[in-house]
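Undergrad: Residues per chain are reported as follows:
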Amino acid sequence: MTQPNEPLPDIKNVSRPADPLLEIKDISKVYPGEGKSTTVFDDINFNVYKEFLCIVGPSGCGKSTLLRIIDGLDSPTTGQVLFHGQPVTAPSPKIGVIFQTFALIPWKTVLGNVEMALQATTVPKDEQVKIAKKYIQDVGLEGFETAYPKELSGGMKQRVGIARALALQPEVLLMDEPFSSLDALTAENLRQEVLEIWRDPVYATNCVVMVTHNVQEAVYMADRVIVLNHRPAKIVDDIQITLERPRNQRDPAMFDYSDRIISKIS
Amino acid sequence: MCPLRSSLSIRQARYWARGSKPRIIRTIEGLVIVAALFLLIVEVVVNGGLNSIIKNGLTPELPLFAVFTLGRMTIAYALALAFALSYGIATAMSHRASHVLLPLLDIFQSVPVLGYLPIVFAIFLGTGQTANPFGLQIATIILIFTAMAWSPTFGVIAGINAIPADIKEASHAYGLRGVRYLRQIVLPAVYPELVWTSILAWGSGWYLIPIEEYFPFNGTPQKAGGLGQYIAQASANSDIASALFGLIILVGIIYAIDQLVWRPLGARAEKYKYESTAAPRTTATPRSGVSEGVRRAEDRIVAPVRTFYKSQRSIVTRALEVVRVTKLLHATDRLKFPERISRIPFWGRLLSYAIFLGLVAFGLELLIAPRSESILNALTVLAANVTAFQLIGLTLFSLSRLVTAYLIALGWTLAAGILIARSQRFSRWLVPIFDIGQSIPATALFPLVVIILVDPFRNTPYLGATLNFASIILLLTGMQWYLLFNIVGAVNSVPNDINEATKAYRVRGGRYVKQILIPAAFPAILIGSIQAWGGGWNALIVSEYIDPNANVPGLGSFLVQASNIMNNPLLTDVEIFAALLAMTATVLTINRLVWRRLLRKADRYKFEA
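Chains as they are written, first to last, in numbering that gives the first Met the number 0: chain A, 0 to 265; chain B, 0 to 608.
Misleading hints may appear alongside valid ones.
What the hints assert, rightly or not - No more than 16 Å apart at the CA atoms, straight line, and that leaves these computed lysine to aspartate or glutamate pairs for EDC-like:
no., chain 1, residue 1, chain 2, residue 2
1, B, Lys-605, A, Asp-237
2, A, Lys-149, B, Asp-602
3, A, Lys-233, A, Asp-18
4, A, Lys-107, B, Glu-60
5, A, Lys-133, A, Glu-144
6, A, Lys-124, A, Glu-150
7, A, Lys-263, A, Asp-237
8, B, Lys-502, A, Asp-25
9, A, Lys-129, A, Glu-150
10, A, Lys-233, A, Asp-250
11, B, Lys-222, B, Glu-60
12, A, Lys-233, A, Asp-25
Calculated directly from the structure, the hints in this document are not laboratory data.
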């Protein structure tokens, strides 16, 4: 089922028409409400390949819910998600998740939080510690292994979240507004680092799905942007961002993309 | 996806959304009431219990008794409310006063409520054979007050402490001062806490009712007139039917008050809550009504206790800071920080102990002065009759029973908490059952336990064993609910993002229980334990002594026996005081040595707001 380990290109770019990693088919989500039920989104269809995909949309359009359905944390009202052709019903160790609010266990150390992800795998115990330590080092938290989340800054906490996701060496990385709980400077640094990690052939992860409401962030980071509109949300645009990497935030072409996306949302 | 399933879940969720209870819960509530009625009917039909209810001379008085009991509760509550507001506002508004008032409050609420009973009776009834009926009524009201006063006071303090700094600054900037500040800022801020803690206070009041309305003093039961007296007297006559009948009426009244008074007040309280500016919950996952309800129950029980302990500071850290002179600058700097304002200095604690002991001595003096005895004389009498060794032994006996009951309670409530957290279906079944179970004042069940576990074994060699067993069961009824509701509340309030992360990283089954649920419940277990032990000490006094022929050695039975010594009133008085002081000292020691120390450790197990 897994993709053959082809030599990675210099820049991981869209390799269509290869088989999609994820297929999102006719997904809809309905919440029962007072007397009348609310349709959050409806008729969502798209495929995800080896790429950096951003899903943008106004708040309340169900972006986060969509991401949770892709991971199997939530179930759609209708439709299904396929991962390598198999329906997703529960979280898989081949998919890592990064949360907006970091979701670190307060009574576990940095090491414990990263190890947590490995404990459900078949990796032997002593190996788990080694792997966890390696990824903590990779995200620049060496020396903080025994610290508790409470003692860390927001940016450091999210680094732990990233290390936890990467430690699984997942094929797909799901990120739910990973930078929106951070201050602007920290967010900017972390964006760069996530891009570097993604482009580094050392890491097995070459498919990222990120949810954000920050249009500039999406254009800056993504190969492809899927745009959702207001509730009940539908896909209103699916744009390839063909700009060269590394990208320049002040590139006029970036603003063209942003304008196009913003006009679709409102 | 299967359309049937989703439509079903929609329907269930709608029930919750409307705030009405799902049919299943109404069914369960119905079942519990039906079961109780069934017991009564069986008793009525098989044992001719109806006859005994009719023959019971007190049955026609029941409406009047209900009015008496309610009136007593209402007057005591009004007093408790006045006390809570004045004491609480004084404590929260004046920095210096809080240094003494806060620890003093802690000591007073550590005295088991039932421990006040013999003293108040002794003061108001004197030692004459026939009690003054007016004095008896005053005594019962004061006793209910001692049961009610403490938690609303903590609630008021917690409410004022919870006023956000920006609101304080804004009201200061716009010139809100004095009475206007009190009315527009303080009282609304206090309101939600006051409602929740008042519910607790009424619970403690109900707890006392079956005992203080029919308490053996000076060798004869003092009848104050009320539902509690009806129940207690019926079971003293081994009249199960009447006892059950009284119990059902009592629970019916408690339930009605809950529905008519506290529910609407609680709903209004939401308006006065400050929004927290915590990180937004990103998921749209709807929370169930059950978990919301449980969370609120937990909030109202836990918040005042937590706020109180937050303001406590260990003597050790304080001493360390004073010793390390180099850090002095740093320490004074930190004292300016608003959170430090209500920390208790050592002198404050010392002073509060002194005040407490002074009050105790004053109470003793008040008791014995009319008989022109001196405290010194009293102490000699005490020393001649009771040795310290004896008191310590009795304390240890009581402690061993309390520990046993506590371990049983902890075991089953933890299991129930885990079950509830793991399965929504279980929680739908269990929570309403617990809700009803908890609304029955444990003391009202005591007579029934006695009839089942003690009476059949009189004059058999098993009496000692069944008495100990009954005593532990009675302690259990006084302890378990605090643990249960705290634990259930905690396992239900594990934040969504943490739950999702554990699901995403497949932390499941035993690992989920061990690594997430139990640590997440740890602070709640501690707070529940503190409250459970409080309840346990209360239950102790009635659980150890049933009558002169049926009692187990311990501080509780010592206290009751002391109040029934006929020939030496001085000995009665000093023994009551000695038992009470021994109890309070034990409670305070355990709080200091065990719970407070653990609570400091529990900080790590709290989720960030």
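Undergrad: With reference to the structure, classify each hint as holding or not holding.
TA: Structure-based check of each hint:
1. A distance of roughly 43 Å separates the Cα atoms of Lys-605 (chain B) and Asp-237 (chain A); the hinted pair therefore is violated under the 16 Å criterion.
2. For the hint linking Lys-149 (chain A) to Asp-602 (chain B), the alpha-carbon distance of about 10 Å falls within 16 Å, and the restraint holds.
3. Between Lys-233 (chain A) and Asp-18 (chain A) the alpha-carbon distance is near 24 Å, which puts this suggested pair outside the 16 Å criterion.
4. A distance of roughly 62 Å separates the Cα atoms of Lys-107 (chain A) and Glu-60 (chain B); the hinted pair therefore is violated under the 16 Å criterion.
5. Taking the CA atoms of Lys-133 (chain A) and Glu-144 (chain A), the gap is about 11 Å. The hint holds against a cut of 16 Å.
6. Proximity of Lys-124 (chain A) to Glu-150 (chain A) is assessed by CA-CA distance (about 27 Å); at most 16 Å being required, the pair is judged violated.
7. A C-alpha spacing of about 11 Å is found between Lys-263 (chain A) and Asp-237 (chain A), which places the hinted pair at or below 16 Å, so the restraint holds.
8. For the proposed pair Lys-502 (chain B) and Asp-25 (chain A), the alpha carbon gap of about 24 Å is over 16 Å, so the pair is violated.
9. Of the pairs offered as hints, the one joining Lys-129 (chain A) and Glu-150 (chain A) is violated, with about 23 Å between alpha carbons and a cut-off of 16 Å exceeded.
10. Only pairs whose Cα atoms come within 16 Å are accepted, and Lys-233 (chain A) paired with Asp-250 (chain A) is rejected, the gap being roughly 29 Å.
11. Using a Cα cut-off of 16 Å, the hinted pair Lys-222 (chain B) and Glu-60 (chain B) holds, with the two alpha carbons roughly 13 Å apart.
12. Our distance criterion of 16 Å between C-alpha atoms is met by Lys-233 (chain A) and Asp-25 (chain A), whose separation comes to about 11 Å.
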